[in-house]
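Enquirer: Residues per chain are reported as follows:
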Amino acid sequence: MRRGIRNYLVFLRRCALIAFVGDARYYLWMGVLTVICLLGLNAYAKQLVHGLITTGMSDEVSWGVYIANFTFLVGVAAAAVMMVIPVYIYDNEELHDLVIFGELLAVAAIIMCLAFVTVDLGRPDRFWHLIPGLGQLNFPASMLSWDVIVLNGYLLLNVHICGYLLYCRYRNRKPSRWFYIPFVFVAIGWAVSIHTVTAFLYVGLGGRPFWNSSIVGPRFLASAFTAGPALIILALQIIRRVTAYRITDKALLTLRSIVQVSMLINVFLLANEVFKEFYSGNLHVASSKYLYLGLHGYHALVPWIWTAIVFNLIAMVLLVLPLSRSLKWLNLTCVLCIVGIWIEKGMGLVIPGFIPTPLGAMAEYRPSLNETLICLGIWAFGLLCYTIFLRMAVPILQGRLTQANEGLPGGRPGPVPLETQLRPQAASSALPPP
Amino acid sequence: MADQPPNARNGKRPKTALVLWGLSVAFAALATVFGLNLWGYSNPLYPIALVDRAFLSTDTNRRSYADLVRAKEDLSDFDCYACHDKGKPPTLRFDDHQNLIIPREHSDIVMGHGEHGRNNNCFNCHNENNLELLQTRDGRVLKFQDSPQLCGSCHGPTYEDWEVGAHGRISGYWDRKLGPFKRQDCVNCHDPHSPTFQGRKPAPGPHPLHVLPPKAPPAASD
Amino acid sequence: MPPLDSFSTQSEPAPAAGMTRRSFLRTSAVLTTGLAALATSLRPLLELDDYTSVERFMQKYYKEMTPDDMARVLKRIENEVQKQYGIRPHVRDLRPMDGVQFVYALNLTRCIGCRKCVHACVAENNQSRNPEIQYIRVLRMPHGSLDIEKAVHDYAPESVPEKGHFYMPVQCQQCKNPPCVKVCPVHATWQETDGITVIDYDWCIGCRYCEAACPYWARHFNFTQPSIPKDRLNPEMAYLGNRPRRQGVMEKCHFCIQRTRAGRYPACVEVCPAGARKFGNVLDPTSEVAYILRTKRVFIQLKEELGTSPRFFYYFDV
Chain A
8 MRRGIRNYLV
18 FLRRCALIAF
28 VGDARYYLWM
38 GVLTVICLLG
48 LNAYAKQLVH
58 GLITTGMSDE
68 VSWGVYIANF
78 TFLVGVAAAA
88 VMMVIPVYIY
98 DNEELHDLVI
108 FGELLAVAAI
118 IMCLAFVTVD
128 LGRPDRFWHL
138 IPGLGQLNFP
148 ASMLSWDVIV
158 LNGYLLLNVH
168 ICGYLLYCRY
178 RNRKPSRWFY
188 IPFVFVAIGW
198 AVSIHTVTAF
208 LYVGLGGRPF
218 WNSSIVGPRF
228 LASAFTAGPA
238 LIILALQIIR
248 RVTAYRITDK
258 ALLTLRSIVQ
268 VSMLINVFLL
278 ANEVFKEFYS
288 GNLHVASSKY
298 LYLGLHGYHA
308 LVPWIWTAIV
318 FNLIAMVLLV
328 LPLSRSLKWL
338 NLTCVLCIVG
348 IWIEKGMGLV
358 IPGFIPTPLG
368 AMAEYRPSLN
378 ETLICLGIWA
388 FGLLCYTIFL
398 RMAVPILQGR
408 LTQANEGLPG
418 GRPGPVPLET
428 QLRPQAASSA
438 LPPP
Chain B
170 MADQPPNARN
180 GKRPKTALVL
190 WGLSVAFAAL
200 ATVFGLNLWG
210 YSNPLYPIAL
220 VDRAFLSTDT
230 NRRSYADLVR
240 AKEDLSDFDC
250 YACHDKGKPP
260 TLRFDDHQNL
270 IIPREHSDIV
280 MGHGEHGRNN
290 NCFNCHNENN
300 LELLQTRDGR
310 VLKFQDSPQL
320 CGSCHGPTYE
330 DWEVGAHGRI
340 SGYWDRKLGP
350 FKRQDCVNCH
360 DPHSPTFQGR
370 KPAPGPHPLH
380 VLPPKAPPAA
390 SD
Chain C
12 MPPLDSFSTQ
22 SEPAPAAGMT
32 RRSFLRTSAV
42 LTTGLAALAT
52 SLRPLLELDD
62 YTSVERFMQK
72 YYKEMTPDDM
82 ARVLKRIENE
92 VQKQYGIRPH
102 VRDLRPMDGV
112 QFVYALNLTR
122 CIGCRKCVHA
132 CVAENNQSRN
142 PEIQYIRVLR
152 MPHGSLDIEK
162 AVHDYAPESV
172 PEKGHFYMPV
182 QCQQCKNPPC
192 VKVCPVHATW
202 QETDGITVID
212 YDWCIGCRYC
222 EAACPYWARH
232 FNFTQPSIPK
242 DRLNPEMAYL
252 GNRPRRQGVM
262 EKCHFCIQRT
272 RAGRYPACVE
282 VCPAGARKFG
292 NVLDPTSEVA
302 YILRTKRVFI
312 QLKEELGTSP
322 RFFYYFDV
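Here the protein sequences come in this chain order: A, B and C. Under our numbering, the first residue of the first sequence is numbered 8, with each subsequent residue one higher. Under our numbering, the first residue of the second sequence is numbered 170, with each subsequent residue one higher. Under our numbering, the first residue of the third sequence is numbered 12, with each subsequent residue one higher.
Derived from the structure by calculation, the hints contain no laboratory data. Some clues are possibly wrong.
[What the hints assert, rightly or not] Derived EDC-like pairs (lysine to aspartate or glutamate); straight-line CA-CA distance at most 16 Å:
1) B/K255 x B/D228
2) C/K241 x C/E91
3) C/K161 x C/E143
4) C/K94 x C/D61
5) B/K312 x B/E297
6) C/K71 x A/D132
7) B/K257 x B/E301
8) C/K187 x C/E315
9) C/K71 x C/D60
10) C/K187 x C/D205
11) B/K370 x C/E173
12) A/K53 x C/E58
13) B/K346 x C/E89
14) B/K351 x B/E332
15) A/K296 x A/E371
16) B/K184 x A/D30
17) A/K257 x A/D30
18) C/K86 x C/D109
19) C/K307 x B/E329
20) B/K351 x B/D221
21) B/K346 x C/D165
22) A/K296 x C/E160
23) C/K187 x C/E316
24) B/K312 x B/E301
25) C/K241 x C/D109
26) B/K257 x B/D307
27) A/K296 x A/E284
28) B/K370 x C/D328
29) B/K370 x B/D221
30) A/K53 x A/D30
31) B/K312 x B/D236
32) A/K53 x C/D61
33) B/K370 x C/D165
34) C/K86 x C/E66
35) A/K53 x C/D60
36) B/K351 x B/D236
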């Protein structure tokens with residue numbers, strides 16, 4: 008038992024130390040992210056002192072970019088785990104190890120979500136009021152209480168699965184199926200639930216007709232499964248470039264098909280929404296009018312939403328064409344997906360729900376500099392976390408950071424094992440037609 | 170960088186060194202900016218004037234004659250028989266269009282109780298035989314402090330509402346067991362000669378936290 | 012081109028054998044400046060004045076407080092207000108009366124849009140003057156339409172009422188089925204037995220979900236420390252009512268709980284020059300609100316179709 012704990016602590020220590028080791032590109036990347044984090048931290052300190060008046064929010068528009076980013080990132084977290092389905096349900100060997108990268112992205116995304124929600128609170132010192140037992144969690148009536156439970160549960164699930172699999176690989180042991188397979192299947196269902204619960208936060212509000220619609224839930228999932236795998240496609244290519252980790256193009260193409268189908272569904276649902284809002288000409292369309300056309304002389308969001316729609320349509324067309332099988336076009340498509348969906352889910356969902364106010368007043372929202380710095384700081388922090396996770400995970404998966412080489416001077420990871428060196432290298436970027 | 174031979178340690182080291190020194194400089198700069206508070210916080214609030222205390226007053230619209238009597242104020246202005254003779258009903262004069270001519274001594278009265286000259290006769294309400302009393306159309310004689318009954322003799326539904334407290338302002342205690350309540354008389358809000366509520370300047374409107382940017386000029390198609 | 016495994020030719024790790032003095036200096040330079048930047052980034056927190064205290068942090072939920080707890084809390088609030096404003100207030104924890112269900116009736120024929128109710132409420136309930144919080148919002152509606160989207164909030168004519176319009180003041184409707192209570196994640200807001208929906212200002216975490224949920228825009232948030240002029244402070248306070256709030260918590264109309272639970276009319280009723288506002292216990296058949304609900308024929312409950320069942324009844328006399 009004591010030996011087991013000691014082994015684990017050594018493992019953690021080595022993981023922690025390896026985060027500080029890297030080449031110039033690594034230090035530059037981590038350094039820039041740290042600078043941005045520190046700027047965000049300073050901005051948050053100002054917000055703690057002066058209150059949320061440092062943001063662009065007001066009684067009229069009482070949720071802003073914090074909740075917009077939160078909504079987007081819950082989708083990314085949910086989708087990251089959807090890579091798991093091809094592997095465990097369809098037995099796709101290509102994606103097997105990449106599941107860990109997806110789940111680590113989910114962990115980083117959830118950390119960012121929790122950070123965004125915390126900076127949005129007016130009294131973060133009273134967070135303990137949310138803890139069931141200690142505080143007064145309003146479960147099951149309040150959807151926010153569901154969100155607290157499912158997000159933290161999801162975090163623990165993914166930390167367990169990744170941690171267990173990585174630690175087993177570190178100790179060169181075959182992981183016991185019972186310690187992770189059930190959790191993986193729970194995580195699949197849980198992933199859908201975290202995003203549905205987040206959607207229900209909005210859908211459940213009868214006083215906001217823009218949100219009180221049954222299409223919000225399915226749209227959330229469709230857009231999440233577009234943006235999430237798109238992010239993973241980009242992340243995997245970066246991993247492939249900076250480490251020797253073998254990632255086949257076939258894996259990337261499998262992810263591409265997920266993005267393809269999801270984007271088609273997303274655009275179809277958008278068409279549904281637009282038709283419903285504008286065809287019948289009833290009176291509750293003020294928020295949609297504000298978003299797509301402008302209302303009473305105010306139209307700050309109109310260029311944003313049309314950019315998002317154009318990006319999504321171009322991405323959809325590219326995804327349908329075989330052109331996007333080439334990595335160059337695929338990367339462009341992924342960027343278009345991510346940006347388009349970030350706009351449409353963030354600014355295009357959260358802000359128009361508040362304009363006009365329930366009493367018909369107009370308002371506009373513009374994030375303040377302080378608010379923007381905090382958002383960038385949290386994004387940088389999330390990327391920092393993800394990079395650190397990968398910095399630990401990749402050597403473990405490659406077999407270079409194992410229990411066997413614990414004794415090496417400085418705990419330095421050893422040379423690349425012969426087996427990894429002899430694996431066939433990736434082909435050129437243009438792939439053969441199917 | 171990707172096509173350097175594997176043992177290019179010495180070639181890579183200066184690059185890492187450069188990055189690390191660069192980071193030190195960046196962190197030091199940040200520490201300076203933060204530490205010396207060079208990037209402070211500017212208060213976004215704009216000044217909002219405190220509301221005039223007149224808007225907070227619970228005074229009624231006007232004070233009636235009965236109020237003045239109750240407050241035992243100087244009533245010399247209201248002594249009818251200082252000018253009129255007792256026992257001699259004052260004469261009313263009308264012009265060619267049947268409109269009442271207000272005598273110069275009562276020029277502060279503006280007659281507006283009913284349109285098209287419906288209520289044009291002083292003695293519809295005032296008692297011509299005793300100017301210190303009021304009268305109804307069906308001959309009841311009332312004191313000034315009972316004026317609501319006079320109003321109610323024509324304005325029945327409103328009077329019913331007023332009796333219960335549904336018309337006109339009630340102040341004090343809703344729980345009558347715990348304290349007194351005050352129901353205003355008709356004339357505390359309505360000038361009996363010209364009862365329509367007068368307009369007044371409204372109190373200031375709302376001041377939003379972030380002032381709305383100016384509207385875009387309407388497009389030609391708007 | 013096969014990607015190079017960069018880690019087999021990487022630079023040194025953190026303090027270990029084989030490090031030169033230069034690399035040690037370099038590493039410590041980065042670490043030291045990094046830590047300095049981290050520490051100084053928190054410098055604004057030095058200006059944090061009375062953000063919380065151990066006592067306030069540990070304060071129990073209203074419904075779980077014993078009378079002793081409450082007495083201590085009330086005393087503490089009195090001390091805090093005295094320290095900040097120089098006036099010793101009288102803070103009470105008033106409980107709902109039995110057999111009481113408050114109802115508010117508003118006569119739209121009589122309202123002239125003068126906004127005196129707005130400011131009387133602000134004065135009575137110690138609301139922040141800058142930034143401005145007002146529980147009541149008077150809407151100017153066009154003759155003949157109840158479409159809220161046609162409402163004008165910032166009318167400022169020389170004289171009200173204006174021809175061709177009517178005025179509709181909106182505040183918390185104290186709904187029987189309140190969406191704000193449903194969505195609050197920590198039960199910081201709930202409806203009491205006499206019908207008032209209250210907020211425990213010391214329990215609210217400031218997530219603003221209730222503000223998003225309210226269909227009447229009745230809930231307001233303290234985006235920064237509220238500012239109340241000392242000479243306009245109302246010292247008669249209630250725990251769930253008009254005691255001064257802090258930065259980061261919600262507030263809203265509570266039917267002047269410090270007055271109504273002592274049997275008095277709310278400030279808005281007392282100040283209305285036209286007598287348009289009617290308040291009382293609907294369970295008492297002799298009250299004016301019971302009479303109005305019995306005899307008037309058409310009532311408007313705002314956004315009735317949302318199922319919130321407001322306690323606010325708008326009606327017209329003529």
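Enquirer: Would you mind marking each hint as holding or not holding in the structure?
Expert: Right, here's what the structure says about each hint:
For the hint pairing B/K255 with B/D228, the CA-to-CA distance comes to about 36 Å; that exceeds 16 Å, so the pair is violated. The straight-line distance between the Cα atoms of C/K241 and C/E91 is roughly 14 Å, inside the 16 Å bound, and the hint therefore holds. Under the criterion of a C-alpha separation no larger than 16 Å, the hint pairing C/K161 with C/E143 is inconsistent with the structure, at around 24 Å. With a CA separation close to 12 Å, the supplied pair C/K94 and C/D61 stays within the 16 Å bound.
At most 16 Å may separate the alpha-carbon atoms for a hinted pair to count; B/K312 and B/E297 meet this at roughly 13 Å. At roughly 14 Å between alpha-carbon atoms, C/K71 and A/D132 fall within 16 Å of each other, so this suggested pair holds. Simply put, B/K257 and B/E301 have alpha-carbon atoms about 13 Å apart, close enough for the 16 Å limit, and the pair holds. Proximity of C/K187 to C/E315 is assessed by CA-CA distance (about 12 Å); at most 16 Å being required, the pair is judged to hold.
For a cut-off of 16 Å, the pair hint linking C/K71 to C/D60 is broken: about 22 Å separates their Cα positions. Distance hint between C/K187 and C/D205 is fulfilled; the C-alpha atoms sit about 11 Å from each other, no more than 16 Å. Taken as a hint, the B/K370 and C/E173 pair is honoured in the structure, with Cα atoms around 11 Å apart against an allowance of 16 Å. A hinted pair counts as satisfied when its Cα atoms are at most 16 Å apart, and A/K53 with C/E58 qualifies at roughly 9 Å.
A threshold of 16 Å between alpha carbons decides the hint, and for B/K346 with C/E89 the separation of about 30 Å lies outside it, so the pair is violated. This hinted pair checks out: B/K351 and B/E332 have alpha carbons roughly 12 Å apart, not beyond 16 Å. Note on A/K296 and A/E371: the hinted pairing holds, with a Cα-Cα distance of about 14 Å set against a maximum of 16 Å. Between the alpha carbons of B/K184 and A/D30 the distance comes to roughly 9 Å, so the proposed pair stays at or under 16 Å and holds.
For the suggested pair A/K257 and A/D30, the alpha carbons sit about 29 Å apart, so the restraint of at most 16 Å is broken. For the hint linking C/K86 to C/D109, the alpha-carbon distance of about 27 Å lies beyond 16 Å, and the restraint is violated. Using a Cα cut-off of 16 Å, the hinted pair C/K307 and B/E329 holds, with the two alpha carbons roughly 12 Å apart. Note on B/K351 and B/D221: the hinted pairing is violated, with a Cα-Cα distance of about 26 Å set against a maximum of 16 Å.
Note on B/K346 and C/D165: the hinted pairing is violated, with a Cα-Cα distance of about 41 Å set against a maximum of 16 Å. The straight-line distance between the Cα atoms of A/K296 and C/E160 is roughly 13 Å, inside the 16 Å bound, and the hint therefore holds. For the proposed pair C/K187 and C/E316, the alpha carbon gap of about 14 Å is at most 16 Å, so the pair holds. For the hint pairing B/K312 with B/E301, the CA-to-CA distance comes to about 8 Å; that is within 16 Å, so the pair holds.
This hinted pair does not check out: C/K241 and C/D109 have alpha carbons roughly 36 Å apart, beyond 16 Å. Proximity of B/K257 to B/D307 is assessed by CA-CA distance (about 21 Å); at most 16 Å being required, the pair is judged violated. A threshold of 16 Å between alpha carbons decides the hint, and for A/K296 with A/E284 the separation of about 9 Å falls inside it, so the pair holds. For the hint pairing B/K370 with C/D328, the CA-to-CA distance comes to about 24 Å; that exceeds 16 Å, so the pair is violated.
With a CA separation close to 12 Å, the supplied pair B/K370 and B/D221 stays within the 16 Å bound. Between A/K53 and A/D30 the CA atoms are separated by roughly 35 Å; this puts the pair beyond 16 Å, and the hint is violated. Taken as a hint, the B/K312 and B/D236 pair is honoured in the structure, with Cα atoms around 13 Å apart against an allowance of 16 Å. With a C-alpha separation of about 15 Å, the suggested pair A/K53 and C/D61 falls inside the 16 Å cut-off, and the hint holds.
Note on B/K370 and C/D165: the hinted pairing holds, with a Cα-Cα distance of about 14 Å set against a maximum of 16 Å. Between C/K86 and C/E66 the alpha-carbon distance is near 13 Å, which keeps this suggested pair within the 16 Å criterion. For the suggested pair A/K53 and C/D60, the alpha carbons sit about 12 Å apart, so the restraint of at most 16 Å is met. Between B/K351 and B/D236, the direct Cα distance comes to roughly 13 Å. Compliance with the 16 Å bound is thereby established for this hinted pair.
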